[in-house]
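Peer 1: Dock chains B, C and D against the given chain A, drawing on the hints supplied.
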Amino acid sequence: MTSKLISLKEAAALIPNGASISFGGFTSQRHPMALIYALIRLRRRDLYLFGHSPGGDWDILIGAGCVKRVELAYEADEAFGTIGPRWRLAIQRGAVEWEDYSNFAMVTRFQAGAMGVPFLPMRSLFGSDVLAREALSDEQRAADPRTASKKLHVMESPFDPAEKVVLLPAIHTEFCVLHVQKAAENGLVRIEGQSFADVQQALCADTVIITAEEIVSEEELRQDPERNLLPFFAVSHVAHVPFGAHPYAVYNYYDYDPRQLKIYHEGAEDDAQFEQYLAQFVYGVNDQAEYLAAVGGAARLDGLKADPNFGYSPNLKRRRLD
Amino acid sequence: MTSKLISLKEAAALIPNGASISFGGFTSQRHPMALIYALIRLRRRDLYLFGHSPGGDWDILIGAGCVKRVELAYEADEAFGTIGPRWRLAIQRGAVEWEDYSNFAMVTRFQAGAMGVPFLPMRSLFGSDVLAREALSDEQRAADPRTASKKLHVMESPFDPAEKVVLLPAIHTEFCVLHVQKAAENGLVRIEGQSFADVQQALCADTVIITAEEIVSEEELRQDPERNLLPFFAVSHVAHVPFGAHPYAVYNYYDYDPRQLKIYHEGAEDDAQFEQYLAQFVYGVNDQAEYLAAVGGAARLDGLKADPNFGYSPNLKRRRLD
Amino acid sequence: MSTTVQYSLTELMTVAAAREIKDGEVVFAGTGLPMLGVMLAQQTHAPNCVIIFEAGAIASRMAHLPMSVGDPRTVRGAAMAAGLSEVFTYCLQAGRVDVGFISGAQIDRYGNINSTSIGDYHNPKVRFPGSGGSCDIACLAKRTVIIAAHEKRRLPEKIDYITSPGWLEGGDSRHKAGLVRGGPAVVVTTKGVMRFHDTSHEMYLASYHPGLSAKAVADDTGFVLPTEHATETAIPTAEELRILRDVVDPERVFLK
Amino acid sequence: MSTTVQYSLTELMTVAAAREIKDGEVVFAGTGLPMLGVMLAQQTHAPNCVIIFEAGAIASRMAHLPMSVGDPRTVRGAAMAAGLSEVFTYCLQAGRVDVGFISGAQIDRYGNINSTSIGDYHNPKVRFPGSGGSCDIACLAKRTVIIAAHEKRRLPEKIDYITSPGWLEGGDSRHKAGLVRGGPAVVVTTKGVMRFHDTSHEMYLASYHPGLSAKAVADDTGFVLPTEHATETAIPTAEELRILRDVVDPERVFLK
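Residue numbers (our numbering), protein chains in the order written: chain A, 1 to 322; chain B, 323 to 644; chain C, 645 to 900; chain D, 901 to 1156.
Fair warning: there could be bad hints in the mix.
[As the list claims (entries may be wrong)] To be clear about the criterion: a stretch of chain C counts as covered by chain B if any three or more of its residues have a C-beta under 8 Å from a C-beta of chain B, and this derived list gives those stretches: (1) 690-703; (2) 716-724; (3) 736-749.
No lab work stands behind these hints, which were simulated from the structure alone.
As the structure is a computational prediction, the values presented were derived from the model and not from experiment.
C-beta atoms are modelled at their ideal positions from N, C-alpha and C, and glycine is treated no differently.
The following block holds chain A by itself, in its conformation from the complex (with noise of 0.2 Å):
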């Protein structure tokens, strides 16, 4: 068994200008944001992002300028910011090209990748414009095969026409990238908490890249083989990357951090104080240890370690921060 072990830089070197990705979590939880900085440091361009409901893993890539289309159905930090900054700035100012879906309709898209299908059905969407209305010209379709030919589609049941359902068109990405608690070199992996659609989005992708907290025996992983959803040889590269969600959570490791998604929405409306941001944060740091440096080192984080018997911080802060 060779392993998949290599380093986040090499992780992030694998994915070119343009690459269509998928990156793992929900809103505030467990996006791979370590080796999202690295792509912004590699000035990556023209990317081409596909997730269900992101938060500031795409806000930032958009508002660095590596992001050229985009499909979704929502993106924002929700209680910590109700919306994306950077996203809407880009909407407004035609700056991505994007096609609106809903949460439901998007992982039926990459369930469909994922099962090895062209498309699913689904009973939601009608009488809706996410049905109705297109965001992508039919020009812009067809100029990328990676765009499905079509949003999606309605028909009648073979077996009682009464009934209807949406087609939607499956997924079919370059690159996935998920962040979870638990790798083994052989990648296998372990996810704790909510699965959200990682395994599905992985499942979908040509070349799946894991970052883990952690890096265990796969003979560990092995003892609890209900606890598995991914097959590890669908996965093609494995990194330890610790805090690599930071400022979003990893249940059982640590929590979101509120102080720095503050920080961050309270300048992002703004163009200089978003570049800021980004030469603070990004550009400013060499790798993940001068990261977590930059955001407060040791004396931040561990304020953000998980309490064992919650699976975040119980007592941490998130109102009213000095």
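Peer 2: Okay, now just chains B, C and D, sitting in the frame of chain A:
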């Protein structure tokens, strides 16, 4: 929270003549045998069974004359009996109506029912007579609303006409009975080892009945929420039935019983010997306790108990039984 | 005595929302005020309600208020920690969710919601986060509770984009569009509580918040809002306020 | 020395099947001789092969020979214990399975298999268990290895029912039928090893078992079996036999 606990007798009594049912498990493991014996004792008739790879659970029900129609992919005990003898005879004698699918097709049908869609697509079956031929006539299909209007439907993908898929119609049954390792009185269950298609089968049934080796507290099961696969609010009833799958295995609890399976398969091809098997092990006993005594009691059952390091009985003799 | 109870507008709205949840119901919760509402309901009159979050936590028993539907806090005491697919298909699409909470920037008289953008869709004046799970909850929950800020411009004759379908054009238009169940039951705003006519499915004022009048609420609405059935909104009890302030949100994450 | 090695027909067939598995491949195993073959391969030349069972065990490292694909023994050392859906969709349909083992009662020259019934389908003379997962493995694995008893009546001109599609009518008929990959690579029988012509996909005799002749095998086949490339089947090594007898199946569950 009102308790969903009932007795095995009460559980069996809920299922009327003519009911459509799916049973959990796969060939040699986790079939709800105790409940099936109870149905035979109640002389249930005209049952309509849906399954993927049942084994002796269906075979004895069919042999006892309880079954009118089945939709399935396979019926045998694999290496213990490479064909279900009563199933074979019933088909050859025209005693049951049936439709042939593949395991993937039947699981896809249960999945569609569980997901709440009228069908799901797959890429299997092309070129086979499973796709080309139908065992049930259009008249038989039209006469029972529980039977799909068509066996399946082939279509081109609206996103790429070059891609062809087979649509499989959803299954909805009136009952699903699962035998699991652990259950709480609120309906929360814990399946250990392979989950087979138990979750999908339960979620496409109106009434879900759980028989469990052990009744545990809801709190205990909530300690590992990643290990719980079935929403408890989809479960209607829970019965405590130790050795409820005998002579089949329950991972981590006990192994299959090669002696009992040998007795069954040696006689089941012969009508008289099969009747005698029923008289001795089903009609001749009043409940699960008497059944367990009839098959050899503690002396036999202790030898089947699972070794915690394996989840089965590593020294179990499976051939050349004296 | 309850008449002397002091409460904030957020507290009044939260209690009104919480009272929409019946004991034992399966509830699909969203971020913010809905989280206060479901936790309050679970701590008061609906101890057996099943709280579901689309990110994967099912039947949560939260010890701390989450700030996101993907928050680690939603896993606390949960019966299941799964993913979006299990929640959307096995729970929501299969018809197992009794009530879902949604909100938006614009709402029309039929409870259709816009949380996508204002202005031309392709060149929006203001862009919002998008549907998230709102469209799916609006389409597939047995009923929905809508939370909104009550301003004339936020309750217009016509919304710019239907992110989450309500009763569409009223009557049986929702069913005709292909939706198999559901529809908005109530709208809790900063000024009152609105419900929908049984057959026309047009919104009407059920109650105006204390200190306001039915006419004042109607005047602040962008479409004609029938007020003939309107009474004053029932105020929170001292016990509801105590649990809300001391148990549900002692940190004042969402409470004001 | 290997020339003096004593072995049974089952052992010869098992070794021939095991040698079809390359190290690191993902293998979809069935009950009986295929289980002996995959365990032998994992214990000898293919330690990194990934053994998958349709009932839900993925990447098993079995300590004892299973008697069913749903056997608790398949969970031993497994990387995943999931269900049929995960195996069929995420592994098989998604194209992650390199080789699948199947068998049947009838096989034609294109490797189409019947494991459903003999005689009229609606009133069969003999009924078999049915497809199980065989049709799916035959349709969706990158290649299949077929195990069969070699008798004239079991290898006829035409089979009564195509349970598991092989190369159908040969040529590109498999692709034309809508199958996206796969097809039978080899047939290991009680008399020899057969493979398929690259373009016509017709079966030919690759090797006859020791003690038999190419002509004898062809004479026991119900269709014309080309024999010009036939050599004698390579016999098991002493090491393969030792592992097979002492490690894989010491209980003689399947070994004879």
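Peer 1: Hints broken by the structure, by number, lowest first?
Peer 2: Of the numbered hints, all hold.
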